[in-house]
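Chains as they are written, first to last, in my numbering: chain Z, 12 to 340; chain A, 12 to 340.
Careful: at least some of the hints might be erroneous.
[What the hints assert, rightly or not] Here are the in silico distance ranges between beta carbons for each label pair:
hint	chain 1	residue 1	chain 2	residue 2	range
1	Z	Asp164	A	Gly176	57 to 63 Å
2	A	Ile277	Z	Lys329	47 to 53 Å
3	Z	Lys323	A	Gly187	14 to 20 Å
4	A	Ser307	Z	Lys329	49 to 55 Å
5	Z	Lys226	A	Phe77	22 to 28 Å
6	A	Asn29	Z	Thr73	53 to 59 Å
7	Z	Asp59	A	Asp271	24 to 30 Å
8	Z	Val331	A	Gly187	51 to 57 Å
9	A	Pro161	Z	Ser86	23 to 29 Å
10	Z	Thr73	A	Asn160	21 to 27 Å
11	Z	Ser86	A	Asn29	16 to 22 Å
12	Z	Pro20	A	Glu80	25 to 31 Å
13	A	Asp24	Z	Gly159	21 to 27 Å
[Stated by the list, open to error] Some chain A residues near chain Z, calculated using beta-carbon distances under 8 Å:
hint	residue
14	Cys41
15	Cys85
16	Arg89
17	Trp203
18	Val269
These aren't lab readings, by the way, just hints derived from the structure by calculation. Predicted model only: the values in this text are computed from it and were never measured. Every residue gets a Cβ at the ideal spot worked out from N, C-alpha and C, and that includes glycine.
Now for the letters of each chain:
Number of protein chains: 2
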Amino acid sequence: MDPSQVKIPPMKDLTVDNITENVIRINSLCEDERMKYVLERLVSHLHDFARETRLSSQEWMTGLMFLTEVGKICSDVRQEFILLSDILGLSILVDSIDHPKPPGSTEGTVLGPFHTHEAEVMPNGDSMSHDPKGEPLLVVCTLKDMNGNPISDVKIDIWETDSTGHYDVQYAERDGPDGRCIMRSDDSGVFWFKAITPVPYPIPHDGPVGKLLKKLHRHPFRPSHMHFMFEKEGYDHLITALYLRNDPYETSDAVFGVKDSLVVDIGKAGPEYAKKYGVSEDHALLTYDFVLVSDSETNALREQNSKVALDKLGRKVKIVNGLPVPDLD
Amino acid sequence: MDPSQVKIPPMKDLTVDNITENVIRINSLCEDERMKYVLERLVSHLHDFARETRLSSQEWMTGLMFLTEVGKICSDVRQEFILLSDILGLSILVDSIDHPKPPGSTEGTVLGPFHTHEAEVMPNGDSMSHDPKGEPLLVVCTLKDMNGNPISDVKIDIWETDSTGHYDVQYAERDGPDGRCIMRSDDSGVFWFKAITPVPYPIPHDGPVGKLLKKLHRHPFRPSHMHFMFEKEGYDHLITALYLRNDPYETSDAVFGVKDSLVVDIGKAGPEYAKKYGVSEDHALLTYDFVLVSDSETNALREQNSKVALDKLGRKVKIVNGLPVPDLD
């Protein structure tokens, strides 16, 4: 690069007190207004974190080595940075910010690191789990909009562990996907399938995130749950999960995912469901009525929440597509 | 883990507004008071960053994938997380906080990612660079304490690039260390060696950090410099570098390292140095007088700075070993 082309404002002798404004200034050469704002806040908070903790060089190096380890252990089937985000409460926070839910809609929760893109499409009534040791569970769900109308042809990703609390990708010598499937809701907004009753399990804790949890005297367990993800054009992408009531970890989820509205009871099929779905009357049954929100309603709510939050902060920003960017007027 | 042993305060239904206090509460099971404080500030700033930017799920995932890439490219000879910290101004900030310098002492600067532990010990007068294309440079330095007394037997790590701007470790097929050495100051606090005149060079920018710089319209160059690191019991560890005056990147260093007190002129040996050090009179010469600070003086200054900074914030903390921890009284 030709130094005469360098348009960087001159800077030298950077100190504890002036480094932040200088880094923000040099980064503001960026043309992407949104990225500029995100980086401005990132640099401000990163620097304030160091100033408020009086972070030592040794602690800084320990942190960088920790992050390096987190990156190193990541693979096609393990995402330790998502885990780290999960156990720091960042994942659930970002989901809550980006997918605000009006009353009456199904709440979202953490994606977790075990969603994959290899699940097979399955028709209504099929079995998603082939673990013979799992307790068979019939799952019958409806999918409606905020006005109570059924939504058909929604792509639904569903995933859960086997009876030992492991996802398929956690087995090095697996044959293919199991304990996961993709379904489509039918014309009446219904989808139903056979699964196994979820069990509590620890998030992977043999890596750097597990070491951190141990140092914090936190356990790595998640309460029993089954993941769901809903996608259809015109509707806000919903990532959620259903949790079993009275699970021993219901109020101490390692990744902060449990919401009361997502806690369910496992019942028995009884005569009606037994007949309709071809199971015995004492077969375990889980039912749930999911409610999706339209994109437009979500966008309006997101924009409104952004304005309220930024007004509180007194920041001179404008909201573009629901997200704040610097207001240079 | 036996759930009855779980001492975690019950939590559920975590929202944008209550997630932070809950994560801090669960992390406060940690017995290490310093770690508890560092994590409290980390979680607060991480969450505020997400709330102030209204971080979207897509941006969050882009960030996690970026960090994963940064981790993946790290190796024994490449530390991309240090690079990332450097270009965000965090490295120079942490050095300034942890190694405060009283007036009259030599200022510190960024360590950078190229210090290694394999340099060979070299006696006064030896050559640290074997690059025949480099411009030979005689370096003569003194090392004194704040009272002007020479300090002998200090371990001094010195490292620089070759004439093409690459450190030894950047060559896959190298034979061993070059352009780096370890020296010891003599009884009069002097150390001197033969090197090559430093050249400007880009930090490694073929990885994720380089992509980020490009997106920000920032160049990856560092002005010409030579690194020095000083260690002796009783003295504050000094990581610093000397920069050449009028380098094209003197005021736009990609990692914010240049300080006026560390900018030097390259002169000519002249008759006196030529005779004393066995070089020609027009041989390039660099001289510098380094001044180290005692541990006790640095610790007192660090503690004083911490108190001032924390008082300003109104935080209820106490200072232990110069670092803040929660004050639970």
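Quick rundown of the hints versus the structure:
1. A hinted range of 57 to 63 Å for the beta carbons of Asp164 of chain Z and Gly176 of chain A is consistent with their spacing of about 58 Å.
2. At about 51 Å, the CB distance of Ile277 of chain A to Lys329 of chain Z agrees with the hint of 47 to 53 Å.
3. For the hinted restraint 14 to 20 Å between Lys323 of chain Z and Gly187 of chain A, the CB-CB distance of approximately 59 Å leaves it violated.
4. One distance hint, 49 to 55 Å for the beta-carbon pair Ser307 of chain A and Lys329 of chain Z, holds here, with the actual separation near 52 Å.
5. A beta carbon spacing of about 26 Å between Lys226 of chain Z and Phe77 of chain A agrees with the range 22 to 28 Å that was offered as a hint.
6. A C-beta distance of roughly 30 Å is found between Asn29 of chain A and Thr73 of chain Z, which places it outside the suggested range of 53 to 59 Å.
7. At about 26 Å, the CB distance of Asp59 of chain Z to Asp271 of chain A agrees with the hint of 24 to 30 Å.
8. Separated by about 55 Å at the C-beta atoms, Val331 of chain Z and Gly187 of chain A satisfy the suggested range of 51 to 57 Å.
9. Judged by the Cβ atoms, the range 23 to 29 Å given for Pro161 of chain A and Ser86 of chain Z is violated: they are separated by roughly 54 Å.
10. Range check, Thr73 of chain Z to Asn160 of chain A: about 35 Å between beta-carbon atoms, so the 21 to 27 Å window is missed.
11. Evaluation of the 16 to 22 Å hint for Ser86 of chain Z and Asn29 of chain A yields a failure: the beta carbon distance comes to about 34 Å.
12. In this structure, Pro20 of chain Z and Glu80 of chain A meet the distance hint of 25 to 31 Å, their C-beta atoms being roughly 29 Å apart.
13. A beta carbon spacing of about 25 Å between Asp24 of chain A and Gly159 of chain Z agrees with the range 21 to 27 Å that was offered as a hint.
14. The restraint placing Cys41 of chain A at the interface with chain Z holds, with a minimum CB-CB distance near 5 Å, inside the 8 Å limit.
15. Because the smallest distance between the Cβ of Cys85 of chain A and any Cβ of chain Z comes to about 5 Å, under 8 Å, the interface hint for this residue holds.
16. Interface hint at Arg89 of chain A: violated, since its Cβ lies 10 Å from the closest Cβ of chain Z, which is beyond the 8 Å cut-off.
17. For Trp203 of chain A, the interface hint is violated, the least distance from its beta-carbon to any beta-carbon of chain Z being 28 Å, above 8 Å.
18. Interface restraint check: Val269 of chain A against chain Z, minimum CB-CB distance 5 Å, threshold 8 Å, status holds.
Violated hints, in rising order: 3, 6, 9, 10, 11, 16, 17; the structure is consistent with all others.
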